[in-house]
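Going down the list, the protein sequences come from chains A and B. Here the first sequence is numbered in the numbering used here, starting from 1 and rising by one per residue. Here the second sequence is numbered in the numbering used here, starting from 1 and rising by one per residue.
Worth double-checking, as some hints may not be accurate.
[As the list claims (entries may be wrong)] Facing chain B, according to a computed beta carbon distance under 8 Å, are these residues of chain A, among others: (1) Arg-5; (2) Thr-91; (3) Ile-120.
Keep in mind that the hints were calculated from the coordinates and are not lab data. Just so you know, even glycine gets a beta-carbon here, dropped at the ideal spot from N, CA and C.
Here's the letter readout for the chains.
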Amino acid sequence: MHIARNWRVKKQRYSLTGEICHHCGSKVFPPRDVCPECAQPAYDPLQLSGKGEVYSFTTVYEPPANFQEQAPYSIALIKLEEGPMLTAQLTDVEPNQVHIGMPVEMVTRKLMQDGDEGLIQYGYKFRPRIMAH
Amino acid sequence: MSKQTLLKPSRAVGIVGYGAYIPQYRLPASEVSEMWTDGAAAPPITEKAVPGLDEDTATIAIEAARNALVRAGIAPTDLRAIWVGSESHPYAVKPTSTIVAEALGAAPMVQAADWEFACKAGSEAIIAAIGLVGSDMADYAMGIGADTAQGRPGDALEYTAGAGGAAIIIGPAEKSLAVFEGSISYVTDTPDFWRRPKAEYPSHGMRFTGEPAYFHHVVMAGQILMETLGRTPEDYRYVVLHQPNVKFPSRAAKQLGFKPEQWETGLLVGRIGNTYSGASLVGLTAVLDAAEPGERVLVVSFGSGAGSDAMSFQVTERIRDRRLLAPSTEDYIARRTVIDYATYLRYRGKLLMK
Ligand SMILES: [Zn+2]
């Protein structure tokens, strides 16, 4: 596992911390060096609400190593309320219950673990919303 | 009782935010009884909550803590302590509390540590938070109790060993939704339940777990606190006791002089199982979801080994608005997907059992 690489992105991965561009106001996820809208370099951290909806999705039956015990599971393109689109695993839902436009919310879950002795990686996933608002 | 028995800080404090989390999967106790006794054994509960493959004590603690923060209406960086009590920390060495602190956005300027005292670890963390805020070292501190309890397949504990947790944020009394009135703790060296470092499953002293352990500590702690505060059961609208099954807390509450309508709201074990460090605290969250301003609640935890913390709270007007800000404990109990024994084995990783 890439311990250093995972450690560097823990903030965005645990809690969906993005950025807001203070030139054009665009909300950006994941954080990057240059605003994708106006190409300016400056930005501030922004805690995203974690609310969004399923834009499209697919079901994984033959996952890569370290994800095998979770199959089958759905991967979705999520459109966040603040605007950015991201890809994430869905959880707490059977693949046949997922639909486009489904309201979802971010939760922090185990992404994978490196056997019985290695590190556990945590990060965002999305599940059907529990509360209407 | 001398006045010094009561634990109460000079600065008035209380609960400013609370949150619960319960995984959605449910294993009916009948599945366990059919697997091991052909259905002959009468189960101690109806069903228990089982964590999904991607859940553990850290993820349970994170969601409960986020709900508590939303209800408190404070920034994560306002927290000066995040203390997680559990007997199922994901790592033997590497704190759960730093994962929670990072996920909340409370790191790096925060106390963080994991607490252990069987099922009493969470309430102990809350009393420490009360001390930290009560001494004016901090304005806000969070105590969490969360567990994904394991029982040996076929053992009596397999019916009830559940998963869930609750987070309580302590802050100044004038910002509280429930004011802290005082607590006492009662501990002895009693070997009712234990697990050695390399053992996968716990051992317990069978019938020894009842009278000298659970009942003695829970009843003594509850009684001494009420006597010290000059209270009787009639002064309390609600009582929440540690709940390893339905029978123990019902009997102990009755022994203390309470009536079913006082304990039923916070007695959740029949529907979610024993959430260990979470048990009395998740019960407290269900009570806070229902309580009216002015009403009092008595909470008594129990941890094997053994000891109890008894705490008294009085609910304030702030409860009305704040409880609506996050999912209620009943919302999580109602979110329910029943699984069979085979799926349970897969979710609990027991298929890899050596
Ligand atoms: Zn921009």
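A quick look at each hint next to the structure:
Here the hint on Arg-5(A) is broken, as its CB sits about 16 Å from the closest CB of chain B, past 8 Å. A distance limit of 8 Å between C-beta atoms decides the matter here; for Thr-91(A) the minimum to chain B is near 6 Å, and the interface restraint holds. Proximity of Ile-120(A) to chain B holds as hinted, the smallest CB-CB distance being about 6 Å (cut-off 8 Å).
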